[in-house]
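Going down the list, the protein sequences come from chains A and B.
At position 112 of the first sequence the residue is numbered 950 (this note's numbering), and the sequence of numbers has no breaks.
At position 78 of the second sequence the residue is numbered 82 (this note's numbering), and the sequence of numbers has no breaks.
Note that these hints are calculated values from the structure, not bench results.
Don't be surprised by glycine CBs; every beta carbon is placed ideally from N, CA and C.
Do not rely on the hints blindly, as some may be mistaken.
Stated by the list, open to error - Calculated lysine to aspartate or glutamate pairs in the DMTMM-like style (CA-CA distance at most 20 Å, straight line):
| id | chain 1 | residue 1 | chain 2 | residue 2 |
| --- | --- | --- | --- | --- |
| 1 | B | K143 | B | D183 |
| 2 | B | K284 | A | D1067 |
| 3 | B | K233 | A | E1118 |
| 4 | B | K384 | A | E1079 |
| 5 | B | K143 | B | E91 |
| 6 | B | K204 | B | E289 |
| 7 | B | K81 | B | D155 |
| 8 | B | K81 | B | E193 |
| 9 | B | K313 | A | E1125 |
| 10 | A | K962 | B | E30 |
| 11 | B | K82 | B | E92 |
| 12 | B | K128 | B | E100 |
| 13 | B | K75 | B | E100 |
| 14 | B | K111 | B | E193 |
| 15 | B | K85 | B | E193 |
| 16 | B | K85 | B | E164 |
| 17 | B | K313 | A | E886 |
| 18 | A | K990 | B | D66 |
| 19 | A | K990 | B | D155 |
| 20 | B | K108 | B | E91 |
| 21 | B | K129 | B | D150 |
| 22 | B | K160 | B | D183 |
| 23 | B | K143 | B | D167 |
| 24 | B | K108 | B | D167 |
| 25 | A | K990 | B | D65 |
| 26 | B | K233 | A | D1067 |
| 27 | B | K75 | B | D58 |
| 28 | B | K204 | B | E193 |
| 29 | B | K75 | B | D18 |
| 30 | A | K924 | A | D1067 |
What the hints assert, rightly or not - Label pairs and their calculated CB-CB ranges:
| id | chain 1 | residue 1 | chain 2 | residue 2 | range |
| --- | --- | --- | --- | --- | --- |
| 31 | A | M926 | B | D371 | 36 to 44 Å |
| 32 | A | Y934 | B | H332 | 53 to 61 Å |
| 33 | B | I54 | A | Y859 | 30 to 38 Å |
| 34 | A | I1095 | B | F334 | 32 to 40 Å |
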Amino acid sequence: MALPVYATTGQRIGYYSFLTYCGFVFFFLIAPIFVVLPLSFSSSPFFEFTREFMSFESEAWSIRWYKQMLGICDPNEIITTVCTDKWMRGTVNSFYIGFVSTFLATALGTVAALGLSRPHMPFKGLIMAILISPMIVPLIITAAGMFFFYSKLGLTHSYTGLILAHTALGTPFVVITVTATLTGFDNNLIRASQSLGADTMRTFFKVIMPLILPGVISGALFAFITSFDEVVVVLFVGSVEQVTIPRQMWAGLRQEISPVILCMATCLVALSIALLTTVELLRRRSERLRGIKHR
Amino acid sequence: MSSETISGPILTSDGIPLKVSLRKAEKRNKIRAFLLVLPLLAFILITFIIPIGDMLSRSVDDRYINTVFPKTFEVFKKWDKQDLPPEEVYETMFFEINAAKGYKIGKSSTRMNYSKSGWKSLIKKSQRKFKRIKEGPYKEQMIEIDKRWGDPLYWKALGEMVDPTTMGYYLNAVDLKYDSNKEIIAQPENRRIYNHTWIKTFKVSLLVTLFTLMLGYPIAYLLATLPLKYSNLLMICVLLPFWTSLLVRTVAWMIILQQNGVFNNLMVIAGLIADENRWKLMYNETGTIIVMTQILLPFMVLPLYSVMKTISPSYMKAALNLGASPLHAFWKVYMPNSLPGISAGGLLVFIIAIGYFITPELVGGKDGQMIGNWIAYHLKTTLNWGLCAALGSILLAVMLVFYWVYNKIIGVENIKLG
């Protein structure tokens, strides 16, 4: 929407104040994410922009918190938060739990989405509502329920428990993205493949899979980020042994107020930018393949 | 029509009526489709739905105490609730307290303490001193050990525990309780916390929904009407927060909103507020609302955007052409068309907001706590799991109503991600 040349002064004022308002909202959305970035290089242990820091004095800037994040401890440090390997262990755990639960969620979710997209699916609405529910139910309720039930099975304080929980939380995203990709899928392709002698598995891997792959991958990325960011279930179902990045950040905020959080936050922002770019590229590719033209 | 009735039902090549054969094929297809969904359905049922059901059952479960004092409760039921219970009740109570070992009696006395505070210390004290009692009658000796054994209020409080299920936790969750005659009454003034918190939870969620709508509607409109090459770029600004860790965003807001934070510093530098009375923007309800608004804004913008994208620009042009002022045209033409987006986004934000826990915990302070925080508190700190489950179940019920409405209006399969 551009302003026509014949716009009155009133319309012009209205239009530009509208744009200013939108600019403010975009700033409100995006600015907080980038506030952490410079502060992670501050040598001060407080989350503040000090005068020295703002005037770029060399002592005020440092990478000491990044070193601490990597578990490299400097004995000459004057201000030391407790130097710990928890950040690195947390990273390993986060990726481990994230990868395994993403794999499970993607496999289960993709197969279910194939079933749900068939025209003959009985009770589609009800089943869909159940499958989406882990995404809708508040995490604190999920965490409470899982804590009660998993403790009966001896699954609390274990990786298995966390992986099962995160898989359940991740599947709705896979189901949603894959069913979305499957709308407009030409079922004649399956018939053609079968009439040419391919069995079900071959048809799936050679015909269906390449076409729905973008949806599967973005679903998998959603599932991964869900597990990677999740802290509530980790807090209640996991133990200190299963420390993950979000759990360590939580501890850092509640107990230690350690500036290392800012370094980890910066890394996480970088990761989310990478994931977002991937998903966007995939979405556009999939739209192109399905012939949805950009206006 | 007539030829069909003469020639009978149409048959397939192997002589089976076509209808039957089709129905069979249809059934086979149904089963096949269902088998594909079955693994995930079973997985979700076991790892997610059953745990939630387990929580629901816990909110009314009162069986444990019945396994510790089975005989006492049996004879207790015969008591006419006048004056003090008969000797028989004292006797069974005496033996069952002695028989129950450390963990069992601790857990039971905690449960008894929920209906009348004082039970826990009474049982603890009695356990130590019961060794002195060698033989009956027990009633007088027990009252001698502690006067509370002679107080009918304590005994009457047991009345609500003799059934294996209780509504006590639900009553507690809305600031009610049973009195000594098992009638429902309000909690004393100083113990009322939950109604206040429920109201606060709804208030904060409504405000957040309103603010996200106020901020989200214009930018969704801008995104939907700009040429795609610009809107794709701006869309990143909406999607990036969506992909960024909740904790990262909360930390960022803590940096901005604290007393010496970015916002207050800028305001002081600009001379808008004095250095000594910086605004208190964090550790209160204001902080919770500001941060939740930013965190949930993408959930409002995305549904709005996908609806607005389908509204043809010629509608507005036609309205303007017919002589409506821009505001009038917007209100009468564009707004009604975008209503599905408003309801989708609004419901989604509201549903997510009422169950929030992390953000209020970190930036809410004392005054910004929501019901989710109380659930966590009872789960981890007080271990009053019955109350925790009751609060959770009520929250779940409220949420399911909204989810149902959402499903009716928009349909879950239309949830769009990015």
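Right, here's what the structure says about each hint:
1. B:K143 / B:D183: Not satisfied, since the Cα-Cα distance of roughly 24 Å exceeds 20 Å.
2. B:K284 / A:D1067: violated, 29 Å
3. B:K233 / A:E1118: holds, 13 Å
4. B:K384 / A:E1079: Roughly 17 Å between the alpha carbons, so the hint for B:K384 and A:E1079 holds.
5. B:K143 / B:E91: Between B:K143 and B:E91 the Cα gap is close to 6 Å, so the pair holds against 20 Å.
6. B:K204 / B:E289: holds, 9 Å
7. B:K81 / B:D155: Satisfied, since the Cα-Cα distance of roughly 18 Å is no more than 20 Å.
8. B:K81 / B:E193: Roughly 31 Å separates the two Cα atoms, so the pair is violated.
9. B:K313 / A:E1125: Holds. B:K313 to A:E1125 sits at ~16 Å (cutoff 20 Å).
10. A:K962 / B:E30: Cα-Cα ~15 Å, so holds.
11. B:K82 / B:E92: holds, 10 Å
12. B:K128 / B:E100: holds, 14 Å
13. B:K75 / B:E100: holds, 8 Å
14. B:K111 / B:E193: violated, 27 Å
15. B:K85 / B:E193: violated, 27 Å
16. B:K85 / B:E164: OK: B:K85 and B:E164 at ~13 Å, within 20 Å.
17. B:K313 / A:E886: violated, 42 Å
18. A:K990 / B:D66: holds, 17 Å
19. A:K990 / B:D155: Roughly 38 Å between the alpha carbons, so the hint for A:K990 and B:D155 is violated.
20. B:K108 / B:E91: violated, 24 Å
21. B:K129 / B:D150: holds, 8 Å
22. B:K160 / B:D183: Holds. B:K160 to B:D183 sits at ~9 Å (cutoff 20 Å).
23. B:K143 / B:D167: It is violated: about 25 Å lies between the C-alpha atoms, which goes past 20 Å.
24. B:K108 / B:D167: Satisfied, since the Cα-Cα distance of roughly 18 Å is no more than 20 Å.
25. A:K990 / B:D65: holds, 15 Å
26. B:K233 / A:D1067: Given that 20 Å is the threshold and the Cα spacing comes to 31 Å, the pair is violated.
27. B:K75 / B:D58: violated, 28 Å
28. B:K204 / B:E193: Given pair B:K204, B:E193 holds - Cα atoms ~18 Å apart, limit 20 Å.
29. B:K75 / B:D18: With Cα atoms ~72 Å apart, B:K75 and B:D18 exceed 20 Å; violated.
30. A:K924 / A:D1067: holds, 17 Å
31. A:M926 / B:D371: 36 to 44 Å: holds, 37 Å
32. A:Y934 / B:H332: 53 to 61 Å: holds, 59 Å
33. B:I54 / A:Y859: 30 to 38 Å: The hint (30 to 38 Å, Cβ to Cβ) is violated, given that B:I54 and A:Y859 are roughly 48 Å apart.
34. A:I1095 / B:F334: 32 to 40 Å: violated, 48 Å
The earlier numbered hints that this structure contradicts are 1, 2, 8, 14, 15, 17, 19, 20, 23, 26, 27, 29, 33, 34.
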